[in-house]
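Undergrad: Listed in order, the protein sequences are those of chains A and B.
Per our numbering, the very first residue in the first sequence carries number 1; after that it's consecutive.
Per our numbering, the very first residue in the second sequence carries number 257; after that it's consecutive.
If you are wondering where the hints come from, they were derived from the structure by calculation, not from laboratory data.
Here the structure is a predicted model, which is why all the values come from computation and not from measurement.
Okay, derived cross-link-like pairs now, SDA-like style, lysine to any residue, Cα gap no bigger than 25 Å in a straight line:
1) A/Lys-226 / B/Ile-520
2) B/Lys-531 / A/Leu-231
3) B/Lys-531 / A/Phe-223
4) A/Lys-16 / B/Ser-535
5) A/Lys-196 / B/Ala-303
6) A/Lys-199 / B/Glu-314
7) A/Lys-198 / B/Asn-258
8) B/Lys-400 / B/Thr-448
9) A/Lys-16 / B/Asp-525
10) A/Lys-18 / B/Tyr-522
11) B/Lys-366 / A/Thr-190
12) A/Lys-16 / B/Leu-261
13) A/Lys-16 / B/Ala-544
14) A/Lys-50 / B/Glu-304
15) B/Lys-491 / B/Ile-619
16) A/Lys-226 / B/Lys-531
17) A/Lys-196 / B/Gly-320
18) A/Lys-200 / B/Pro-313
19) A/Lys-198 / B/Ser-565
20) A/Lys-16 / B/Glu-260
21) A/Lys-200 / B/Ala-303
22) B/Lys-524 / A/Leu-231
23) A/Lys-198 / B/Arg-563
24) A/Lys-16 / B/Lys-531
25) A/Lys-110 / A/Ala-206
26) A/Lys-226 / B/Phe-529
27) B/Lys-531 / A/Glu-225
28) A/Lys-227 / B/Asp-525
29) A/Lys-196 / B/Pro-370
30) B/Lys-531 / A/Val-232
31) A/Lys-196 / B/Glu-314
32) B/Lys-531 / A/Glu-14
33) A/Lys-18 / A/Ala-32
34) A/Lys-227 / B/Asn-530
Chain by chain, the residues:
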Amino acid sequence: MNILICIKQVPDMESKFKINAEKNWYDRTDLAWRMNEYDEYAVEQAVRLKEQVGDADLTVLCIGGDQVKETMKKALAMGCDRGVHIADNDAYKREPIEIASMIAGFAKDKNFDIIFTGMQSQDRGSAQVGVMLAELLAIAAVTTIVSFAFDNGTISVKRELEGGTKALVSATMPVVLTCQLGLNTPRYPTLPNIMKAKKKELLTIAPDVGSSAISQETAAFYFPEKKSGGLVLEGELPDLAEKLIHLLKEKTGVLA
Amino acid sequence: MNFELTEEQNLIRDMVRSFAEAEVAPSARERDEEERFDRALMYDRLAELGLTGIVFPEEYGGAGADYISYAIAVEELSRVCGSTGVTLSAHLSLCANPIYMFGTEAQKQKFLVPLAKGEKMGAFGLTEPSAGSDAGGTKTTATKDGNDWIINGSKIFITNAGEAEIYVVLARSDKSAEKHRGISAYIIEKGTPGFSFGKKEAKMGIRSSPTMELVFDNCRIPGENLLGQEGQGFKVAMKTLDGGRIGIASQALGIAQGALDAAIAYTKDREQFNKPVASFQGVQFQLADMATQVEAARLLIYNAAYRASAGLSYSQESAMAKLFASETAMRVTTQAVQLHGGYGYTREFPVERMMRDAKITEIYEGTSEIQRVVIGAALTK
Numbered sequence: 001m002n003i004l005i006c007i008k009q010v011p012d013m014e015s016k017f018k019i020n021a022e023k024n025w026y027d028r029t030d031l032a033w034r035m036n037e038y039d040e041y042a043v044e045q046a047v048r049l050k051e052q053v054g055d056a057d058l059t060v061l062c063i064g065g066d067q068v069k070e071t072m073k074k075a076l077a078m079g080c081d082r083g084v085h086i087a088d089n090d091a092y093k094r095e096p097i098e099i100a101s102m103i104a105g106f107a108k109d110k111n112f113d114i115i116f117t118g119m120q121s122q123d124r125g126s127a128q129v130g131v132m133l134a135e136l137l138a139i140a141a142v143t144t145i146v147s148f149a150f151d152n153g154t155i156s157v158k159r160e161l162e163g164g165t166k167a168l169v170s171a172t173m174p175v176v177l178t179c180q181l182g183l184n185t186p187r188y189p190t191l192p193n194i195m196k197a198k199k200k201e202l203l204t205i206a207p208d209v210g211s212s213a214i215s216q217e218t219a220a221f222y223f224p225e226k227k228s229g230g231l232v233l234e235g236e237l238p239d240l241a242e243k244l245i246h247l248l249k250e251k252t253g254v255l256a
Numbered sequence: 257m258n259f260e261l262t263e264e265q266n267l268i269r270d271m272v273r274s275f276a277e278a279e280v281a282p283s284a285r286e287r288d289e290e291e292r293f294d295r296a297l298m299y300d301r302l303a304e305l306g307l308t309g310i311v312f313p314e315e316y317g318g319a320g321a322d323y324i325s326y327a328i329a330v331e332e333l334s335r336v337c338g339s340t341g342v343t344l345s346a347h348l349s350l351c352a353n354p355i356y357m358f359g360t361e362a363q364k365q366k367f368l369v370p371l372a373k374g375e376k377m378g379a380f381g382l383t384e385p386s387a388g389s390d391a392g393g394t395k396t397t398a399t400k401d402g403n404d405w406i407i408n409g410s411k412i413f414i415t416n417a418g419e420a421e422i423y424v425v426l427a428r429s430d431k432s433a434e435k436h437r438g439i440s441a442y443i444i445e446k447g448t449p450g451f452s453f454g455k456k457e458a459k460m461g462i463r464s465s466p467t468m469e470l471v472f473d474n475c476r477i478p479g480e481n482l483l484g485q486e487g488q489g490f491k492v493a494m495k496t497l498d499g500g501r502i503g504i505a506s507q508a509l510g511i512a513q514g515a516l517d518a519a520i521a522y523t524k525d526r527e528q529f530n531k532p533v534a535s536f537q538g539v540q541f542q543l544a545d546m547a548t549q550v551e552a553a554r555l556l557i558y559n560a561a562y563r564a565s566a567g568l569s570y571s572q573e574s575a576m577a578k579l580f581a582s583e584t585a586m587r588v589t590t591q592a593v594q595l596h597g598g599y600g601y602t603r604e605f606p607v608e609r610m611m612r613d614a615k616i617t618e619i620y621e622g623t624s625e626i627q628r629v630v631i632g633a634a635l636t637k
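Work out the full structure, taking the sequences as your base and the hints as a guide.
TA: Put into C-alpha cells, the structure is as follows:
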C-alpha cells in the first residue's frame with residue numbers, strides 16, 4: 001500500500017499571539033511550533049495501518065519554510081518512512097486551494113491508495129484542504145473520521161456529525177480521509193526512533209501552485225473586543241430591586 | 257559556537273515533556289505522600305520510550321543520543337517529579353555507565369544490554385555508614401576465594417535499592433594497600449545468596465524513590481563480576497560520579513524549572529490589593545532572579561554534557577554544574593513557596609514537595625562542599 005499523510009506545522013496553542021504588522025495574520029516570531037493536532041491523528045492512523053498490513057509505505061508531506069522539517073522529523077519518528085517537504089516560506093498566507101493544489105501537484109502521479117490528513121488546522125481552521133485535494137485528484141473524500149478499520153481492501157470509518165450523531169461509511173481506495181479528535185491516541189515518538197528519523201529520506205521540492213486562482217484574502221485580523229466587566233449593584237434589598245428594574249427598562253428590552 | 261538545540265534534542269524535550277505532564281505528574285503528589293515507587297510508570301514506561309539507555313550505542317541496546325539529550329530527559333521528568341528523575345539518573349549514570357566505561361565485552365553483553373533496554377534496572381553502592389564523602393574509607397570487604405569473591409559489609413542510602421536487579425558495588429579488596437588503591441568495583445545481581453536489603457529510609461524529599469541499605473553476608477560472586485581492574489575501584493567510582501553529577505544537576509534544574517513555572521502561574525493568577533501579585537515589581541524582581549539562575553544552571557549543565565559527549569574532560573565542569581544547579585534548586589523552590597504565601601506551605605500546591613525534593617540535590621552524589629573541593633583542587637593543582 002502506498003499512503004500519503006499531509007501534515008501542517010502550527011504554533012503551540014498556548015502561545016501568546018500577537019497580530020502581525022500587515023494585520024492579516026498572527027506574528028510568527030517567538031512562537032513554539034508543533035504538529036497540528038488533527039494531523040497527529042492522521043500520522044498515528046497511518047502507522048497503525050502499516051502495523052496491521054505490514055506492506056505499506058508511508059510518505060509524510062509538509063509545506064512551509066525550513067523550520068517545518070522538525071515537525072516532519074516527529075512524523076518520521078512516529079513511524080512514517082519518508083518525507084516530502086514542499087519548500088515555501090509563504091505557505092502560511094496561502095489560501096486552501098493553493099495548498100491543496102500544491103499537494104495535488106505532487107500526489108497526482110504517485111498512486112497513493114489512502115491520503116490521511118487532519119480535518120482542519122488548529123490555526124487557520126478552514127477544513128477545506130482535504131476535500132479540495134480529493135476533488136483535484138478526482139477521488140473520494142470522507143471527512144471528520146473518528147474510527148477507522150481496514151479489511152481486505154475495504155475501509156470502514158465512522159464520521160462524527162452534528163448533534164452527537166455518527167455515520168458509518170465504507171469506502172474503496174483511493175480515498176482521502178480527514179481525521180478528527182477521538183480517532184486514536186497518538187504515540188510518543190520513542191527516543192531511539194527520534195534518533196533513527198534523521199537517517200530517513202527527507203526530500204525537499206519546489207512549490208508548484210499551478211493555476212489556481214486566488215479568490216479570497218484576509219481583510220482584517222483582530223482579537224475580539226474584551227467584554228466590559230459585569231455591573232455589581234450594591235445596597236439594601238428593596239433598593240437593589242428598584243435599581244435592577246430601572247436598569248432592565250433603560251438598557252434592555254427585557255421589560256417594556 | 258551554537259546555543260541552539262538540534263532538531264532531535266527539541267523532539268526529545270517535547271516527547272519527554274508530553275509524557276511527564278500526561279502520565280508522571282498526575283500521581284506525583286500521591287506517590288510522595290505514600291512513599292510509593294511505581295515501577296510500571298517510573299521505570300518500565302521510561303524503558304518503552306527508550307530513555308533507559310539514552311547515551312549508549314545501539315549495539316548495547318541504547319539510543320545512541322548525546323549527553324545533552326540525557327540532561328533534557330532528566331530535567332523534564334524532574335520538572336514534574338524529582339523522584340522519577342533520580343530513578344533514571346541513578347540507573348543510567350551510576351550503574352549502566354560504569355559498566356559501559358569499564359566493563360569487558362562479556363560484561364557489557366550480559367549486564368549493559370538489559371540495563372540499556374530497561375529490561376533490568378540499575379543501582380550503585382558506594383556510601384557506607386563511615387564512608388560518604390570519603391570514599392576511600394570503604395569498609396565493605398571483598399575476599400578472593402579461588403576464582404570467586406566473597407563480599408561482606410553494608411551500603412547505605414542506596415537509590416533504586418530493592419527494585420534494581422543489577423548493582424555496581426565498591427569494596428575493599430586489599431587491606432594492605434593504601435586506602436584509595438585497595439578498593440575494587442563489582443557487579444552484583446539481586447538474588448545472589450548472601451545479598452539482602454536492610455531498612456528503607458523515610459526521607460524528607462524524593463519520597464517515591466526507594467532508598468535502602470544493601471547487606472552482604474558472605475555473598476559469593478564469580479570472578480568475572482569484577483568491574484575494571486582489581487584495585488581500580490576508586491577510579492571507577494570517581495569517573496562514575498563525574499557523569500552522575502550531570503544527571504543530578506539536571507534533576508536539580510528540572511525541580512527548579514518546575515517551581516519557577518508554578519510561581520509564575522500562581523503570581524499571575526493570585527490577586528491582592530485588586531491586582532495580580534505578579535504585577536508588583538517586587539515580585540517580578542524575584543521571578544527575574546529565579547529565571548536567570550535557572551537559565552545559568554541550564555547552560556552550565558549543557559556545557560558539561562557537551563564536553564562529556566565530545567570526549568573532553570568534564571570533571572570540573574560537571575562539578576560546577578551540579579554545585580550551581582543544586583543550590584539554585586534550593587533557592588528557587590524556597591522562593592517559589594514564599595511567592596505562594598500560605599498556600600505554598602500546603603500540599604495542595606506542588607512547590608512544598610519541590611522544595612523538599614530540592615534539598616537532596618545539594619547532598620547526594622557529592623555534597624556542595626565536595627563539589628567545591630573538586631573545583632578548588634582543579635584550580636590550584
